[in-house]
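K.L.:
Let's have the full structure, built from the sequences with the hints guiding it.
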Amino acid sequence: MTVHDHAFPRRLWRGRPEDPRWARPAFLALLLATLLFYLANLSASGYANSFYSAAVQAGSESWKAFFFGSLDAANAITVDKPPAALWPMALSVRLFGLHSWAILLPEVLMGVGTVAVVYAAVRRRFSPAAGLIAGAVLALTPVAALMFRFNNPDAMLALLMAVACYLVIRALEDGRTRWIVWAGAAIGFAFLAKTLQAFLILPPLALVYAVCAPVPVRRRVAQLAAGLGAIVVAGGWWVAVVELWPASSRPYIGGSQNDSFLELTFGYNGLGRLNGDETGSVGGGGAPGGGGGGGWGETGWDRMFGSVVGGQISWLIPAALILLVAGLVATRKAARTSVTRGAFLVWGGALLTTMLVFSYMQGIFHEYYTVALAPYIAPLVGMGAALLWERRERTWAALTLTAAMTATAAWGYVLLNRSSGYQPWLKWMVLVGGLTAALGLLFAARLGRRFALGVAGLGLVTALAGPAAYTLTTLGEAHTGSIVTAGPAVTGGRGGGPGGGGPGGVMPGGNVPDGNGFPGRPGQGQQGQQGQGQPGQNLPGGMPGGGTPGDGNPQGETPDGRSGAGGMGGLLNGAGVSDEAKELLEDDAQAYTWVAAAVGAQNAASYQLSTGDPVMAIGGFNGTDPSPTLDEFKEYVANGEIHYFIAGGGGMGGAGAGTSSQISTWVQESFTSVTVDGTTFYDLTKPKTES
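Numbered according to our numbering, the sequence shown spans residues 22 to 712.
To be clear, the hints were calculated from the coordinates, so they are not data collected in a lab.
Treat the hints with care, as some may be off.
What the hints assert, rightly or not - Okay, derived cross-link-like pairs now, PhoX-like style, lysine-lysine, Cα gap no bigger than 25 Å in a straight line:
#, residue 1, residue 2
1, K603, K709
2, K603, K707
3, K709, K655
4, K707, K655
Said to hold, decoys possible - Taking CB as the label site, the calculated pair distances span:
#, residue 1, residue 2, range
5, V350, S64, 43 to 51 Å
6, G661, L57, 50 to 58 Å
7, E653, L228, 28 to 36 Å
8, Y381, G661, 16 to 24 Å
9, N279, N438, 44 to 52 Å
10, E653, A231, 32 to 40 Å
11, W446, L57, 20 to 28 Å
12, P708, V378, 31 to 39 Å
13, Y381, E604, 44 to 52 Å
Even for Gly, the Cβ is constructed at its ideal location relative to N, Cα and C.
P.N.:
The structure is reproduced here in structure tokens:
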């Protein structure tokens with residue numbers, strides 16, 4: 022074995038020569054700890070969000086479904102997002118088979134990757150210690166621990182946004198075009214994970230580079246144009262293929278009303294999220310609930326700190342904002358091309374822009390969206406703490422460190438106090454320990470090195486104690502369905518726990534579904550009026566079925582990945598699938614394109630994941646997409662392509678609900694039925710006239 026054969030493992034363990042000897046081992050230990058923590062109890066969530074798991078299952082069996090992000094392998098309709106976030110999971114399932122670990126392991130690896138990117142970005146300009154602080158802050162953010170173990174698109178989005186910021190900072194260092202091009206490619210690919218949310222950080226990143234790059238103005242403009250081109254290519258190639266592909270030979274674009282991905286992008290997933298006018302969404306362009314945010318909670322500058330969102334993400338936001346200002350003040354006299362200031366501007370601009378949009382958007386907003394903030398908060402904390410620690414002998418730096426620590430301790434106490442009965446000793450430890458550390462930081466420059474480091478350690482431990490406790494709680498619970506939250510239940514919020522949605526699937530804005538699966542009154546503390554729908558009945562507003570929380574199916578998914586009854590009649594979570602129902606659908610399944618059809622994607626997903634056979638989701642996620650039409654459905658039935666129609670499921674009133682209702686009514690009037698474990702199945706091969 023040559024000397025070079027030993028060089029790589031030695032370099033891997035030792036790291037860069039200029040780093041302390043402990044730096045690389047500590048970094049690797051951070052990554053290993055993050056990996057092990059995120060893997061713990063991973064399979065408890067079963068299929069997590071069955072909506073996306075069904076698409077993963079479909080993509081693992083059909084390359085066409087893989088490419089389009091179809092909900093079923095027969096390619097009836099897609100999910101309401103682009104498919105990039107599904108691709109790693111579908112490939113994993115192709116390799117390892119369909120089970121919880123195969124679906125969620127790629128998400129865990131993205132979480133570890135995001136921690137690594139944040140560490141690398143901070144270490145380059147500051148120190149390994151600053152990088153470790155940033156990485157630990159990110160790994161212990163409750164909503165990050167939730168979403169890096171869940172199968173929504175947000176894990177990939179967070180990773181790619183962190184990568185884009187890192188690459189822009191690299192470009193600020195040497196002005197090379199390749200970094201801007203790669204940053205554009207990362208943002209473009211992030212668009213294929215969660216559409217326009219990927220573009221929220223474009224304005225601050227472009228502005229920072231335009232002002233601070235170490236190259237002439239003309240070259241900066243050309244580089245930014247090249248970056249824009251990379252965005253278009255990386256995100257646009259798939260869009261172009263979909264838009265040019267004949268609609269008759271591809272699946273319907275879920276979430277759209279006109280079978281157009283561009284309409285989905287700029288409507289339901291775009292401007293509709295900002296102004297609340299989301300045709301076909303839950304509540305259809307203005308969900309009940311009142312308040313500045315319609316049915317999705319009050320909007321305003323303090324939304325990220327409110328009872329619903331605060332415990333997910335806001336633990337260190339006050340400190341991050343204080344340290345951002347301090348970093349800009351400390352570098353106010355630096356040259357235009359200062360990379361230190363540029364780093365604060367990149368991460369700070371990304372944080373402020375995303376927070377601003379989240380705080381005032383009036384459309385669909387879920388607590389877990391805030392995971393997008395975590396990769397921006399963590400670097401600001403690490404960089405700011407390191408910068409001020411180096412200047413702690415200066416009065417203003419010591420005062421700022423004290424202010425940041427005081428704000429963190431006080432806010433941690435407030436957040437912990439919102440969780441009644443949750444580790445009551447912890448809030449006092451955070452408050453007292455944090456204030457003690459704050460006092461010590463004020464005099465850190467006068468203390469000996471050992472005492473100063475002790476004060477810093479105490480501050481770090483108390484700052485992370487609250488989010489770490491919430492994270493451990495999150496790791497210990499199963500999370501299923503469409504609305505999930507991290508940590509314990511909190512006063513005034515939907516709370517955490519299995520499913521994260523509260524009893525029966527709490528509606529946005531604190532509403533509870535009534536017995537028919539529709540939103541209850543704002544702030545309603547218990548389930549609404551008794552459900553009156555029976556299996557096979559159509560409920561008012563075109564909502565088929567009548568499945569309600571508490572109708573005999575436990576909410577949340579069972580250990581084998583089957584879904585329990587979700588809120589809103591199966592809209593937010595899937596339905597329980599009994600062995601008898603599975604046996605019914607699997608009988609002669611190979612003779613049909615779809616073994617069944619059901620209204621609402623979550624309901625269809627449950628049966629598809631249970632049987633492994635395609636199930637058509639009528640109306641897409643909400644049951645409101647006009648696909649298929651009644652005539653199209655009749656043609657499928659006439660051609661013998663669908664075996665059963667499953668009564669019940671979920672749907673909401675809206676533009677497309679009429680289609681679902683028409684199909685349900687026609688099926689009930691035309692075909693014989695059988696009831697299995699309280700669920701009605703209509704055999705589409707047995708018209709009533711033949712009975």
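K.L.:
Compare the structure with each hint and give your call.
P.N.:
So, going through the hints one by one against the coordinates:
About 24 Å separates the Cα atoms of K603 and K709, which keeps this hinted pair within 25 Å; it holds. Of the pairs offered as hints, the one joining K603 and K707 holds, with about 19 Å between alpha carbons and a cut-off of 25 Å not exceeded. For the hint linking K709 to K655, the alpha-carbon distance of about 15 Å falls within 25 Å, and the restraint holds. With a C-alpha separation of about 14 Å, the suggested pair K707 and K655 falls inside the 25 Å cut-off, and the hint holds.
For the pair V350 and S64, the beta carbons lie near 48 Å from each other, so the given range of 43 to 51 Å is met. The hint said 50 to 58 Å for the Cβ distance between G661 and L57, and at roughly 51 Å that hint holds. Between E653 and L228 the beta carbon distance is about 48 Å. The supplied range of 28 to 36 Å is therefore violated. Against the hinted window of 16 to 24 Å, the Cβ-Cβ separation of Y381 and G661 comes to about 51 Å, which falls outside the hint.
Under the hint 44 to 52 Å, the C-beta atoms of N279 and N438, about 49 Å apart, fit the expected range. Roughly 50 Å separates the CB atoms of E653 and A231, a value that falls outside the hinted 32 to 40 Å. The hint said 20 to 28 Å for the Cβ distance between W446 and L57, and at roughly 26 Å that hint holds. Between P708 and V378 the CB atoms are about 52 Å apart, so this pair departs from the stated range of 31 to 39 Å.
Evaluation of the 44 to 52 Å hint for Y381 and E604 yields a pass: the beta carbon distance comes to about 51 Å.
Consistency note: the structure conflicts with the earlier hints numbered 7, 8, 10 and 12.
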